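Quick note, the sequences are listed as chains S and A, same order. Residues in the first sequence are numbered consecutively from 4, following the working numbering. Residues in the second sequence are numbered consecutively from 2, following the working numbering.
Don't read these hints as lab results, they were simulated from the structure. As the structure is a prediction and not an experimental result, all values here were calculated from the model. The beta carbon of each residue, even a glycine, is placed where N, CA and C say it ideally should be. Please note that the accuracy of each hint is not assured.
Claimed, not checked - Derived Cβ-Cβ restraints for the label pairs, each shown as a range:
1) Leu-92/A - Leu-275/S: 32 to 40 Å
2) Lys-337/S - Phe-167/A: 34 to 42 Å
3) Pro-360/A - Asn-233/S: 27 to 35 Å
4) Leu-12/A - Gln-317/S: 31 to 39 Å
5) Tyr-123/A - Arg-9/S: 50 to 58 Å
6) Lys-121/S - Pro-360/A: 23 to 31 Å
Said to hold, decoys possible - Some residues of chain S that are not near chain A, with every Cβ distance over 12 Å (derived):
7) Asp-7
8) Ile-8
9) Ile-25
10) Ser-70
11) Pro-146
12) Asn-236
13) Thr-300
14) Lys-411
15) Ile-450
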Amino acid sequence: MTKDIRISKGAKVNIKGSAEKILTDISSTDSCAIKPGNFFNFNPKMLVKEGAEVSIGTPICFEKNDSRVILVSPVFGTVKKIIRGDRRKILEILIEPNSSNKKISHKVEKIDSLSPEKIKNFLLKTGSWPFIRQRPFNVLADPDIIPKSIHISTISSVPLGVDYDFILKNNKEDFQLGINILNILLPGKVNLFVDKDFQGFFSKIENANIFRVSGPHPSGNVSVQIQKTNPINFGEKVWVIRPEDIVNIAILFSTGIYSCKRTLAISGSSVLNPQYFKTTIGSDLSSILKKLNIDLTIQNRYINGDVFSGIEVQQDGHIDFYNNLVSIIPEGNKHRFFGWLPFFYNKIPSLSRTSLSWLFGRKGYKVDTNLNGEERALVVTGEMEKVFPMDIYPMQLIKACMAGDVEKMEGLGIYEVIPEDFGLIDYSNTSKIEAQEIIKEGIELMIKEIA
Amino acid sequence: MKFLRKKLDDLRHPFRKGGKWEKFAPAINAFDTFLFVPSHTTFKGSHIRDSVDLKRTMSTVIIALLPALIYGIYNSGYQYYSQLDLPFTFLDAFIHGSWKILPMIFVSYFVGLTIEFIFAVYRGHEVNEGYLVTGLLIPMIMPIDIPLWMVAISVAFSVVIAKEAFGGTGMNILNPALTARAFAFFAYPTYMSGNKVWVSEASNVDAISGETILGSLAAGEEIKYSVAEMFYGSIPGSIAETSVLYILLGAVILMFTGVGSWRIMLSGILGASLVGYLFNLWGANALMSFSWLNHLLVGGFAFGIVFMATDPVTASQTNKGKWIYGFLIGVFCILIRVFNPAYPEGVFLAILLMNVFAPTIDHYIIEANIKGRRKRWKQNTPKII
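The following block holds chain S by itself, in its conformation from the complex (with noise of 0.2 Å):
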């Protein structure tokens, strides 16, 4: 089954710096770190102590309100640091490679014989079941219920988008093996959404529904695809799960060998020579960047992800648990003087035509953080429909979280939203709301009430 998505409302905001299509293999690390933070809504128990032997496989910890969901370590090594914030709030767990590859290995089965109970339990026990998110709210899936669909989106429509098709070439087969063994957890309600413009492999994939989407960013955003094939109804689960995650799944069921690749775009205008580095779930991020030219005579901030939703990272710090991109920004800490005047200092990418800057955009533009004005209330209305396909208001739905109005919430949708399809509206709007923060604490706000 094959289907077309139109998406018309959206940007594209073309930044400089895109990773070229070099792939280099990175296998050994520094330091690796594994943080509960990555995973919404999560609460670690340790399992481990600081000092314990590790292999790749063995538990470090688990959830709090669920027992069988646990995170493992990604490499052999010893637990040299537990990390912790304000409360003894798990932040960071490092584990300190060793040179050898000592692994937790299972037995594997046929995949002829395999039933939903034993891949369930399978990704369970090797600590794989984190690949699985859910929808509403983006947490770890709950592995009691049966969703209504599971969803993955080959399209990275963010600015500095990765390419699946380039990450995963030589992983073809284990993709088709990934789909066909979530065929088997949930038959027929498979789907997978690709580029309409640029399908790769991916249009060649059997037993999963395909879907065809077109237009700009948000398109690539799990919630628009969802809302505009089969929204989410009340009390309804949609699991989703990151294309290089299918791989890590198929190699796992045909190794019995926790599988935790992880393919990294680096780009930005900082990095002189953006290209692409496969290497391991956590591993730091300053060993990757030895292998690069980054412009250092200038201030810049590491970003785990794209420039609207990704989270900042010192330079010594390690990769998150679910990103393909790290972007590499100027900071931009400097002063305009007579900023605000419209139709001047058009080299900053603008979605309004206040600004000449849509002229000047073929070449991508040289992007920096400066927040480009100050907070104010909200005045302009409309521009957030403009940048925003669901059918969903979104500054009624911002004010009601702002307001803890959780029928309100309910009513306007927010079981169809989660932070990072309000990254455009933090970047286009006029009064520089942190629609995302807000989205945020409304979603926390509405486990609370709901649990």
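Since the structure of chain S is already known, use the hints to place chain A on it.
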């Protein structure tokens, strides 16, 4: 530039956190951010931001207002000299108008911004830029001869009662500029209506008859102006409302930049045209049989629908709502003109009325979205285990 920046940083020093004048930080911030866009970087949410901010949006509105304002200044002088049959040059008219109007703008900004600064310091938030537009709009919709102290009182009333009492910029229900006009209109009716206030010095010189077109129609008099004059704006009226040509130029700027809602403007014109046309068919009195096309040209309709109705804070916030809101403003504007001889000009009352109803319109549109979602949930319940 670096020198200026350094001077400013020195000047700011006592206003820093923990500094001597910390409380007055919003005042120096407003001055500083006027000269320089601050060096703040993003700290949560999106890492990059659009170059648009409220200052830029508001200054775009001011740019859009300038053609109408400059023509209004000229027209004030032109009306004065031509009614008195005095010889004059373009410059004479312009100087006469400036002499009258610039002090009004100064008073409006001085009083309004002072109140805004006081509230900003008192509440500890930054000074919002909204008043930059309001402060220019207020003199533009006043009669030319209104005393400056009345301008000051109207401004104070509108900023305190219509805006700050509701929580400041972005929270007000009524358009502040129109509230100022409404206040002056009901508090000082002799200065705000009648046939002697629309031309400079008309009340002192008998030779001047400064009746507006709508006033003449309501009084059952002949109109002495051609359609072209109505369009170009060489007619008596409030300072900047007369020239449809220059207001249209402003409308084009607002629509092109996306700052003003084309939905409201278009639907307002549609609403007024429709009702005007229906009244033409009825034709029971002079105002009813006044061509619907001319209804769009005279009075404050064009100015109101372009610059007042499109104020995003007081208009409907949803796109569907904007269509309804604009349409009803057009409808009520003509209805008030035709049916209420006491108020020959209907547009400012129509807009204020719809300001009050805009949240209701939005409420129903949003409820429809909520109901649609709940209906979808209900239809799908059988699938839930």
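- Message: For a quick check of understanding: which of the numbered hints are violated here, in increasing order?
- Response: Of the numbered hints given earlier, those the structure breaks are 1, 6, 12 and 14, listed in rising order.
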